[in-house]
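What follows is the residue order along each chain.
Protein chains: 2
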Amino acid sequence: MKLTILGCYAATPRSLNNPTSQVLEIKNHLFLIDCGEGTQVQLRKQKLKFSRINHIFISHLHGDHFFGLPGLISTFRLLGRKTELHVYGPKGIKEAITLLLKLGDSWTNYPLYFHELSSLESEIVFEGNKVTVSTIPLQHRIYTNGFLFKEKIGERKLNVEAVAKYRVNKCYFQNIKKGKDVILENGQRIDNRLLSHDPLPSKSYAFCSDTQYSEEIIPLINEVGVLYHEATFLESEKALAPKTKHSTAMEAAIIAKKANVGKLILGHFSTRYGSTCPFKEEAAAIFPNVELAEDGRIFDL
Amino acid sequence: MKLTILGCYAATPRSLNNPTSQVLEIKNHLFLIDCGEGTQVQLRKQKLKFSRINHIFISHLHGDHFFGLPGLISTFRLLGRKTELHVYGPKGIKEAITLLLKLGDSWTNYPLYFHELSSLESEIVFEGNKVTVSTIPLQHRIYTNGFLFKEKIGERKLNVEAVAKYRVNKCYFQNIKKGKDVILENGQRIDNRLLSHDPLPSKSYAFCSDTQYSEEIIPLINEVGVLYHEATFLESEKALAPKTKHSTAMEAAIIAKKANVGKLILGHFSTRYGSTCPFKEEAAAIFPNVELAEDGRIFDL
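Chains A and B are the protein sequences, given in the same order. Its first residue numbered 89, the first sequence is counted upward by one per residue in my numbering. Its first residue numbered 89, the second sequence is counted upward by one per residue in my numbering.
One copy or two, it doesn't matter: identical chains are merged, so the pair holds either way.
Straight-line alpha carbon distances no greater than 25 angstroms define the calculated PhoX-like cross-link-like pairs of lysine-lysine that follow: (1) Lys115 x Lys291; (2) Lys133 x Lys90; (3) Lys333 x Lys190; (4) Lys368 x Lys351; (5) Lys333 x Lys345; (6) Lys170 x Lys331; (7) Lys331 x Lys190; (8) Lys179 x Lys190; (9) Lys265 x Lys240; (10) Lys137 x Lys115.
No lab work stands behind these hints, which were simulated from the structure alone.
Model the full structure from these sequences, guided by the hints.
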């Protein structure tokens, strides 16, 4: 699982601060999460292949998470895309993109599907062979979802020595991987746990931006491997957080601790701060395994 | 008159190629012309004050001329803008921007006026004390206008020596500047041309992008000081020009020559070309006073 931060700043694009966008590589999928203005250029800088992006998840329709999408969709057309593109985002996203394409008389020549979201409860929005994506309803000024990306639990691993020892016939191997016991020719039942190892733990990533402090998300992100949580402010600007429905670094850390996640990544920093180091210090006091997002930074998870 | 090229490439933004946008400084106005994705960042790089932009002219609603506008309008709000912003562009631009602001629940807190264009004839769209802006209807795949920016002809300059020689009373000076003759106390009429010099010639700038080769624009841009004309292709890709309704460098030069303009600036280059030098060579053979646009280049005109 690999996370590439294309942009992790709040509000408006600047020379050195890109608005929110990131790419999650998981089980051979390249998921684009949010698409602020300038995302196309950031994708090029990271040498990420446009053609590998088939699913785009948009948290909410504020410009710093969404205004790069019309351009990206147009660029796919210019690049001669033929394969399906699926866009998941709040109700209204289809009308907006469709209107812009109509005004430019620039319809896509590839199949473009919108999956509009309006539920206030978590729901599965994508299910592949090896990955599911579900929404994490967030508390922001407008309808907003985070997204939980989760590998499905794989098959059990064959215990090669054990199957040799019990002389288990090859034709049982698939059943063993599925967790079934084996009954030998002599009638003896061998417990599956003797013949197989547990599968690798499934990896998971939760993207939560933008949101105010909300413990309601904890059951949804409980024990997730990696949590990206917005931290627009430091505690010194704490009063601004509920007003703008954003979080502080400390609040993000409290959520990470209460949800017992593996690692916390902070992002969506206000550009008012000269350095992002204080975000890490503030959060680490509560949740030590914390990292800072940075435009262009790659996390191998 | 100063022209800053923020972006001069066709199609999609890339790391080093920005889509169309430019700023014309004329008689204390800062006019923004077109607004491709990334224009805000280019404005910052050029250290152009956002608050000085009060009028934005959009040629047409293809993404590479327009997809930076929603973000810029939102940024003006975040910067606490209070003054009016006027946007001139094709019919539909108001619906598009309004929908995006509505979806983000991010209405501007400053007065935003749309001046929607639909005429197929040239019309004056802005008239200030010292400058007029009129449309130049262009031939492209969708409804498109170029824009002609023209200083109004100033007052005549007082011939200080002549007024002293004829002992003309100060109270006549304003009339002399307006071109009127003077009748002295002895009844003698002094011709205005003896008492004043011609005003400085008025400067003018014509922006023509995107368009196929069209001689219909020549009467509108005749003897303009500076013509920016698109040159998406070289003659080697000549067949693509009418198909996509764009021009070649040679075609732009022919227009410049036939319209007897002062200087030609080429732009809107296709990113298929490694270097833009051949554009200059191709055009210079027909119209020698030609320059190439370049992202970040400033022309003092």
